[in-house]
Amino acid sequence: MSLKSTLHNLKEKYKGTKMAPAFNALHTFLYLPNDTTHGGTHIKAADDLKRTMNTVIMALIPCLIFGMFNAGYQHYHALGTPVDFLSWDSFSIGLIKVLPLIIVSYGVGLGIEFLFAIIKGHEVEEGYLVTGMLVPLIVPIDLPLWMLAVAVAFGVVIGKEVFGGTGMNILNPALTIRAFLFFAYPTWMSGDKVWVHGAVERANEIASGANVDVISGETILGSLAQGNGAGYSVADMFYGFIPGSVGETSTFLILLGGLFLIFTKIGSWRIMLSSVLGALVMGLIFNSVVDAGWVTVSSKFYGLMSTEFWHHLLIGGFAFGTVFMATDPVTASQTNKGKWIYGFLVGFISILIRVFNPAYPEGVMLAILLMNVFAPTIDHYVVQGNVKKRMKRLKAKTA
Amino acid sequence: MLEHIELFFKSIFIDNMVFATFLGMCSYLAVSKKVSTAVGLGAAVIFVLAVTVPVNWLLDQYILQPGALKWLGAEYADYDLSFLSFIMFIATIATMVQLVEIVVEKFSPALYNSLGIFLPLIAVNCAILGGSLFMQSREIPSIGLAFNYGLSSGIGWFLAILAIAAIREKIRYSNVPAPLRGLGITFIITGLMAIGFMSFGGMLTGGDEGAKEEAETAQVETVKKDTENKLANNTKVNE
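Top to bottom, those sequences are chains A and B.
One point on numbering: in numbering that gives the first Met the number 0, the residue at position 397 of the first sequence is 396, and numbering is uninterrupted.
One point on numbering: in numbering that gives the first Met the number 0, the residue at position 181 of the second sequence is 180, and numbering is uninterrupted.
Derived by calculation from the structure, the hints in this document are not laboratory data.
Since the model is a prediction, treat every value here as computed from it, not as a measurement.
Positions of the beta carbon are idealized from the N, C-alpha and C atoms, including for glycine.
Treat the hints with care, as some may be off.
Listed next, the in silico DSS-like pairs over lysine-lysine satisfying Cα-Cα at most 25 Å (straight line) [unchecked claim]:
#1 B:K33 - A:K388
#2 A:K336 - B:K169
#3 A:K49 - B:K169
#4 B:K169 - A:K119
A partial selection of chain A residues facing chain B, derived with a Cβ cut-off under 10 Å [as the list claims (entries may be wrong)]:
#5 E160
#6 M167
#7 F181
Some chain A residues well away from chain B (every beta-carbon gap over 12 Å; in silico) [unchecked claim]:
#8 T5
#9 K14
#10 A398
Let's have the full structure, built from the sequences with the hints guiding it.
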């Protein structure tokens, strides 16, 4: 008996019982339904929610694989025993560290989704598929798994299920999870040690008197903020051979993923473009402030303010946030004009927070969350503006 | 000039009345079902705050503070009337709210009706009194800054109620679990919005201090660990 018919039989067996949504979800995730609808007129479309989610995951896979290689590469690099980037040594470290994160993220998140579907008696919603993939890509690689589990539970229940599930939430669940981790366990989420595997452990060993070399896993943003310069070439930053969370380092692969999303019309090019514009404008403002001599080397903001404006696109999580999280169709603005405003402000505020808020070097997450809060307001006024315009036109016509 | 800009952004985003201090929640929760009424109430709050805070600043400077009555003559110099702060501030606020009510009733009866009881209740809105009391406790130095503080706190409150009203309009069709419908979900949304607003926390000021504290605790911890290790080694040797 094939897997498909087994699943189908299971589904039929539990039809009408409480467990039905769980088996239904398993079946339809892997296969098309066995039976077709009869009678009436039907529209056949391939892009249901599952395919949409799967497309985003496909766009994320290159970042994930690259991130696994990079995790090991950075680990050995920081140890002072560099290995080749494309080697089993670097990949295996990444695999061992990232795979548990993915499993915990999906296990806890989907578990809660299944539970809610069974209790509430509706079909399992697919919204978590992308969130579950995004989360391991944006957390530090050494994050304890129980913390991830707690955060995922919080994000899925408070961030999404209390609003009625997929498509109803107001904040991006992946970012809610990260923000929860960020504010609940700050020592694990920020600082110059967390982004490279082993750096925290090593620091603890040193603190307890072991005689080993220090690993520095400092990110570019951190070293720029202290005025030490980037320390990496532009090509390294672009292709992603830099420390950082798993998914965010390679601007090149994120760009490919973004183009793929735009080509399949799943991600909004308006948001991506306007957010890049916003970041560039803010970067230019900072650059010109520095050029005008208002900010001198002695200022604590000098390091980041004097960074060339387009470098901001390559470092930190900006590219990843813009392509995969700002474009979340549920929490972003829904209207076209609103998308321009929303995206622009995301980029603008990201760089603003990045430069001016020494406590939170990763401004992108918080900027997107903030704009998620204001997206409905933007939409409301865009729609009202449209209504007013049409009323005027109507008046002009009838008068 | 710089301090004006700093205070302005600080009171709108960092010390936001709703998301940082959770003041003015009653009308924030009750009148945020529709964007248009929320805008009306928000504008009224901006106006009342922008007027009452500077007026109360004058009261504070020339009547209430210890030694404020000096201008009446030397014999009044050691009077301290600050125990009258609450009643004086509330009196100013109630007067201003009456004024707003008369104006709104005259010029926008529709808004007057939709705001209902919450318009006169601005008088007891804790955000308004909170504005004046914060002004007093933070010792804002000039009337210009006091006006700035009132105005920008009002704008912060306005933004908060505007955003929640738009969100509540958006989630009107969401399938929120029955026990959470209404105020429950609104509280949860407010909490989530506060996470969004935390992005500004520590900007301009707090961040440095926080980092310093962290560094200090880290040092203390390492010292502790060192001593612990030494102790452990000693006991081993003894054994």
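These are the hints, each one checked on the structure:
1. Taking the CA atoms of K33 of chain B and K388 of chain A, the gap is about 21 Å. The hint holds against a cut of 25 Å.
2. Under the criterion of a C-alpha separation no larger than 25 Å, the hint pairing K336 of chain A with K169 of chain B is consistent with the structure, at around 18 Å.
3. For the suggested pair K49 of chain A and K169 of chain B, the alpha carbons sit about 24 Å apart, so the restraint of at most 25 Å is met.
4. Taking the CA atoms of K169 of chain B and K119 of chain A, the gap is about 22 Å. The hint holds against a cut of 25 Å.
5. The interface hint given for E160 of chain A holds, since its Cβ lies 8 Å from the closest Cβ of chain B, which is under the 10 Å cut-off.
6. Given the 10 Å rule on beta carbons, the hint for M167 of chain A holds: about 4 Å separates it from the nearest Cβ of chain B.
7. Annotation: interface hint on F181 of chain A holds; nearest CB of chain B at approximately 9 Å, less than 10 Å.
8. Every C-beta of chain B lies more than 12 Å from that of T5 of chain A, the closest at about 32 Å, which supports listing it as non-interface.
9. With a cut of 12 Å on Cβ distances, K14 of chain A stays outside the contact zone with chain B, its closest approach being about 23 Å.
10. The claim that A398 of chain A is not at the interface with chain B holds, since no C-beta of that chain comes within 12 Å of its own (minimum 25 Å).
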